[in-house]
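**Student:** What follows is the residue order along each chain.
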Amino acid sequence: MKAQKHIMTMLVDNEPGVVSRVAGLFSGKGFNIESICGSPTHNPEVSRITIVTRADAPVIEQIEKQLRKLINVLKLRSLNGPHCVRRELALVCIPVKPEQRPEVLRIVDLVGGRVADAGLNHLIVEVSGEQEEIETAIRLLEPYGIKKLARTGPIGLIREPK
Amino acid sequence: MTGAQILLRMLAEESVDTLFGYPGGAVIDIYDELARSEIRHVLVRHEQAAVHAADGYARARGTVGVCLVTSGPGATNSVTGIASAYADSIPLVVLTGQVPTHLIGNDAFQEVDIVGITRPCTKHNYLVPSVDQLAPILKEAFHLARSGRPGPVLVDIPKNVQSARTLFRPPAPLRARPYAAVSEPHAGQLRTAARLIQTARRPLIFAGGGVIRAGAAPELTRLARRFRIPVTCSLMGLGAFPGDDPLFLGMLGMHGTYAANLSTGACDLLLGVGVRFDDRVTGKTDAFAPQATIVHIDIDPTSIRKNVPVRVPLVGDCRVSLERLNDLLDDPPGDALEEARREWLARIEEWKTCRPLCYRTDGTIKPQQVVETLYELTRGEAIITTEVGQNQMWAAQYYRVRHPGHFITSGGLGTMGFGLPAAIGAQIACPEKTVVDIAGDGSIQMNIQELATAVQYRLPVKVVILNNGCLGMVRQWQELFYGGRYSATCNNAQPDFVKLAEAYGAFGLRAERPEEVLPVLERGLSLPGPAILDFRVTPEECVYPMVPAGAPITEMLLV
Ligand SMILES: Cc1ncc(C[n+]2csc(CCOP(=O)(O)OP(=O)(O)O)c2C)c(N)n1
Ligand SMILES: [Mg+2]
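From first to last, the protein sequence lines stand for chains A and B. Per numbering that gives the first Met the number 0, residue 0 is the first one in the first sequence, and the count goes up by one each step. Per numbering that gives the first Met the number 0, residue 0 is the first one in the second sequence, and the count goes up by one each step.
Among the hints, a few may not be true.
[What the hints assert, rightly or not] Taking beta-carbon pairs under 10 angstroms as the criterion, some of the chain B residues facing chain A (in silico):
(1) L42
(2) V114
(3) R176
(4) D330
[To be verified] To give an idea of the chain A side of the interface with chain B (calculated C-beta under 7 angstroms), a few residues:
(5) A22
(6) G27
(7) K64
(8) Q65
These are computed hints drawn from the structure, not numbers from a lab. Quantities reported herein were computed from a predicted structural model and do not represent experimental measurements. For glycine and all other residues, C-beta sits at the position ideal for the given N, C-alpha and C.
Using the sequences plus the hints, can you model the full thing?
**Tutor:** If you want it as structure tokens, here you go:
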């Protein structure tokens, strides 16, 4: 069976140690984590953790069952397919000489990015979108030499009925 | 009330009457209260043993076992016990002391992050942040330990939480949790399962520890006997079905019986109940039950389809599920099937009689003979605990356990040193019962100090050592698969177990010749206190049948 990328999001108790329970489950059982993102929600007692993993279908089924067994996991949903909104944010720092600036800015424009910070010899570009869009932006910026890169990993929500 | 008082109050509300523990600075406030409490405290001699004893108590009584240890080394000593209980799904509440909250993270004296250490081997665990949280956390801990698939829950209580005062309020009802296990299986799947059972030509029931945990043994027995379906058990399942029933095939798997392993290879329907199809049972998974449709009942959805393909999953409580099946199934199978079923049972009978469990005799004591004689003398009614290794397998094969909770062994983790403390726990749970630890000479030395506990509390547990003078199970692998290179398994110095028993104030007896087996067992069992019975058995005896690791279970090495 083929390993495929799978995004899942869960609401968890906002308590110390919960992220390590979730991450520990993955490492202890030999599941892989491509990215993990944890943050508060509108409810102070609940946090959200979103994880991207790569595995074949039976392993994904096992991961989801195992996660549901964790006492602190309140709700688990997968975020794959068109019924979900997914976003990731990346900050890309590139060395840019003044004469290169116009062409870099055109790329930033092309990928729908923004300049988050600029100096005489660098730009920090901010891009958000689906993971594929982020990857395109990085590919286009790569020739200038990436100095530093920070990515949040995707987050997402299931769309509401129209 | 103080935290320590609240703790004891909550234990009383949970009907805890016995606590296995070992004191220390971080739990001294609790011990101070315990001295004034109705709850019986059993002082073990090592914290690992406190957990195993609580485990044996829980299994023999079918309740939650509770133990109490101090912070730091007390807590780390308990980890093997916790991991063993976790592997066997035994409900425990483990209470650990912790340094005061303001010192946590400071590398304080006897501080360890026991919550971090035990995260992967507990069902859940807690660090109690304040005295107000203590009662609700304890209530939830007991609930989690016994509900769904049971397991150990650890509650780490800082010293200042034990001494802090607060107004005791009985905790509010538990927060609703999505974790909550479903006990009622899916109705449609139940009907499918019932139809498959009804129409199978060669059905087989495979029962595991889940049946015992769920109190489902009577329903299982009823189902099997009503429809004359043969039954095999995993190591953990022994006792779920009467070991002397003609429908019983013995244990399945690596050291399973010829009949059980071949039946699994030939059945067309395998009803797995409260099992997880682990590698010691399945052997090579691709070749496991190749002709069978598998129906799998388990409370834990992660057990289903983890190791083998399952056609009909029934997620639910084993007892409820079997009850429903028993209700759904009423008519006996039709004539044509009746004939097929008769043939199936006849075929199994043939396997049973042509290759029964057996051993060759010579002038030495055979370990199997010791267990057989013990079985006869106790008429299969004793509570048996075991250590780990060959002794455990011979106990499983030759002591045909008749009741649930009467065979107490470390199945999932295979923890040497489990048997004696577990026997102590079981004897406290069932004072009227004969409790015997079937032991190896290696394993017994891992918690031998618990003889002192047995002597102190006048617990008449009997330790039957199948003394082969070696780490027999490892030696067996070396003989069969490592060219007879006996690395670190043989010729190790050994104490005189009879003198050792006497030094502890227990009885010690020894048998060296086959004809001494019966009298020594008879005498030993009649002794009023704890005793070690040292049987000098054939050192080279191997456990058969044996399926080499990774081979199909139908391919066995036989005597
Ligand atoms: C704590 C622990 N350490 C190591 C092992 C590996 N092991 C499994 S069986 C065995 C030999 C046990 O020897 P003994 O208690 O004499 O039993 P026998 O097999 O000889 O009956 C060992 C070392 C284990 N299961 N548990
Ligand atoms: Mg031995």
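**Student:** Now look at each hint and say whether the structure bears it out.
**Tutor:** Outcome of the hint check:
1. L42: The hint is violated - L42(B) has no Cβ within 10 angstroms of chain A, the shortest such distance being about 32 angstroms.
2. V114: Cβ of V114(B) sits 7 angstroms from chain A, so the hint holds.
3. R176: With a minimum Cβ separation of about 7 angstroms from chain A (threshold 10 angstroms), the hint on R176(B) holds.
4. D330: Where the cut-off is 10 angstroms and the nearest Cβ of chain A is about 36 angstroms from D330(B), the hint is violated.
5. A22: It is violated, given that the least Cβ distance between A22(A) and chain B is near 10 angstroms, above 7 angstroms.
6. G27: The hint holds - G27(A) has a Cβ within 7 angstroms of chain B, the shortest such distance being about 5 angstroms.
7. K64: holds, 4 angstroms
8. Q65: Holds: closest Cβ of chain B sits about 5 angstroms from Q65(A), inside 7 angstroms.
Violated hints for the displayed structure, listed by number in ascending order: 1, 4 and 5.
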